[in-house]
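Enquirer: So you can see what is in the structure, the chains are spelled out below.
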Amino acid sequence: MSVTSRWGQRVLALCLIGLFLLPVILGLGGTLLPAVGLTPELAPGNGFARILADPRFLPALTFSVFTGIVSTVLILAMTLLTLVCVHGTRWWSWMSALMPPVLAVPHAALAIGLIFLLAPSGELVRLISPALSGWERPPQSWVVPDSVGWSLIIGLVIKETPFLLLAAVSQLSALNVSASLRIGRTLGYAPARCWSRLILPRLYPRIRLTLMIILAFNLTVVDMAILLGPGNPPTLAVLLMSLVNDPGSRAAASAGAVLLGVLVAVCFFGMMAVECVVARVAARRRQSGERGHGMKLFRRLGMGAVVMILIASMSSLLLLLIWSFTRRWRFPDALPSQWTLANWTSRGDMLLQPAMTTLGIAVTVTVLSLLAAIIWLEFERRAIVPRLDGIWFVPLLIPQVSLLFGWQAVALWAGIDGQWWSVVYTHWLYTLPYVILILAVAWRELAPQWGHAAQVLGAGYWRVLWHIRLPLLRRPLCQASAVAVAVSVAQYLPTLLMGAGRHSTLATELVTSFGGVDRRVIAALAVLQSLLPLMAFVLALIYPVWRHARVARETAPSPIRALDR
Amino acid sequence: MHALCVRDLSLQLPNGKWLVQNLSFTVEPGQVLALMGPSGCGKSSLLSWLTGTIDAKLCASGEVWLGPRELTCLPAEKRRLGLMLQQDYLFPHMSVGDNLRFGLRGGSREERDQRVSQTLAEASLAGMENRDPATLSGGQRARVSLIRTLLSDPCALLLDEPFSGLDATLREQIRQFTWSSAKQLPVVLVTHDEADIPPQADILNLGDAS
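Those protein sequences? They're chains V and Y, same order as listed. 1 is the number of the first residue of the first sequence in the working numbering; add one for each residue after it. 1 is the number of the first residue of the second sequence in the working numbering; add one for each residue after it.
Keep in mind the hints are simulated off the structure, nothing from the lab. It is possible that some hints are incorrect.
[Claimed, not checked] Listed next, the in silico SDA-like pairs over lysine to any residue satisfying Cα-Cα at most 25 Å (straight line):
#1 K296/V x M95/V
#2 K57/Y x A179/V
#3 K17/Y x L58/Y
#4 K296/V x S44/Y
#5 K57/Y x S178/V
#6 K57/Y x S44/Y
#7 K78/Y x A282/V
#8 K78/Y x T53/Y
#9 K78/Y x L297/V
#10 K296/V x V307/V
#11 K296/V x G37/Y
#12 K17/Y x G37/Y
Let the sequences and hints guide you as you build the complete structure.
Expert: Written out as structure tokens, the structure is:
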């Protein structure tokens, strides 16, 4: 290596890992120390005693466990049902096309769209009123808001199912699904049996980590729980958020965050225990030789569930758009009677400033994440560092509350809270894992022969990287950039806690303004928040195609150039 | 056992090109029909059509009968046509014994276990029930795959280049094993290699047929 020594590169890799793990270690320490009373000046009192004595703690814990586990089970069920019922059919391409937009939409924006759909004055009630329901005014009692948490569960299922589905689909190619199905069916097994006995036992271990990330997220989500949860009881994470803002309750909040971390760990163990039991039962049933029956009814049920999810998510997005251009929309009209642009133009200050902050942070975080990922994957390719995929998942498996309470305390102590770059740093912590994991697949699959061919022609390391490897990886690089933008734009808690109120992004503005600001402006904020990642995804889709077309055009033999020669 | 009978089979690609037109043939029990022809002439597509797993993009018409039973409209799992491909596709999450039990139909647990042990012994693979398929040699894998297909009690056997992934020595050994194991069944063999075809087999060149 001509540029730096191998040792120098190892040190650089170590710095990169250190920079990544620093907020995790300090954050966990910063949460644990006040919880056990070791930082009396920051958080006086016995945190555990206080949080356990709080009458809101147990209902919040129970509520979090219920919504977190039920939503995760439903997400897994929906994903598997979709795969079994839709994979390989003509609907699959439709569904695949609709998945990225749902995936790109931030949690808060989708939650608000769902409220516009499901609330007593929402579109669903309007569509049946007054003809079918007889309601001339929004009903007093309606399924939403509910005290059980079904709205939150529905929101989580709609938002997270495409994520798990995408993770599953990316693994299917390694399982040779069509051949396994073909063999299974010629051995006499019905398609659903082939899936349950041949594909799913091999697929599940490959999506387990993603499912754990989803479980951790569902148990600890804050923004969606504030918007879609009943408020009384709140989820544990929301309760802790209300405590952390009160200086006298900081120790209790930290102790609660530790307990939330323990809860997530317990749920992981519970999940693995259930897995063992299911695997044992499945292995026994596999040997029974029962071939199973046709799956027409099953397929219809599955298709119905998938269509419901798609309709709910798409109509939520559409409602955001409609509300953002609404001037007058009386109940029970199904559509606005008057339209306007004023929600966008007259409240420009409320939209523009957070949009610019969001964009600035997202772009910086994306560039930094790409840079870090490229450095790491290049080091890995050249065997300077080992493959450490597990490390990148760590921040995603720890509840944000458990990590960020401590990281905020450390930032306060070090006097770096409220700084723009500390917000960027924290966003980077949550963006880098996705960027690395997306790029790693393509990076490892790229044949080294491309580089060798260029080197034989006299190209040095940097030239090979810049002119060969990166252009060949243009498509995954664009996809990773789009995902990075989407992840950064959706970050609520890191911005709120690290920004100290000085950097309001669309995510923080949306959640804090909800309930207090005109819903038409809220809709405009949500549309803007959804547009940024959507635009990133569209660009990621178009740019490689445009670039390829341009290169093809420029290198195509031209009759005029031929004459010149 | 019944004869496998194909009537007026036509296969057309989405671009309108015919792979096979009005093809009919009958394979009697114990008879081997070898399908030959250049790559892309529709040999494997024909087997996919026979098993009911053909790509939906291909346009197909014709009938397939197994004795008095018409299979054309039956789903793949109801046709009882055993299939072996170039790759063995032993399921990696199951042991050798589990793979074989997966193929078996009916019977009590003891009967199934006994049948598996007995069949493995007959194939010179005794005691390998609990082995991970990944630890088997290519020849052992090929034999287990064939046994699994035969244990599902098929009424005909379809072989899509099953010997092409094996080295020369193994190839001959697996050929012998296959023909001796499947001697009661109508067999359709797709191959590029004339050495794969047993002496008494009929040969159908798909290039000529279309």
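Enquirer: Work down the list of hints and note, for each, if the structure agrees.
Expert: These are the hints, each one checked on the structure:
1. K296/V x M95/V: holds (19 Å)
2. K57/Y x A179/V: The given pair, whose Cα atoms are some 17 Å apart, holds under the 25 Å limit.
3. K17/Y x L58/Y: holds (10 Å)
4. K296/V x S44/Y: Roughly 28 Å separates the two Cα atoms, so the pair is violated.
5. K57/Y x S178/V: holds (15 Å)
6. K57/Y x S44/Y: holds (15 Å)
7. K78/Y x A282/V: holds (23 Å)
8. K78/Y x T53/Y: holds (12 Å)
9. K78/Y x L297/V: Distance of about 18 Å is within 25 Å: holds.
10. K296/V x V307/V: holds (16 Å)
11. K296/V x G37/Y: violated (38 Å)
12. K17/Y x G37/Y: holds (16 Å)
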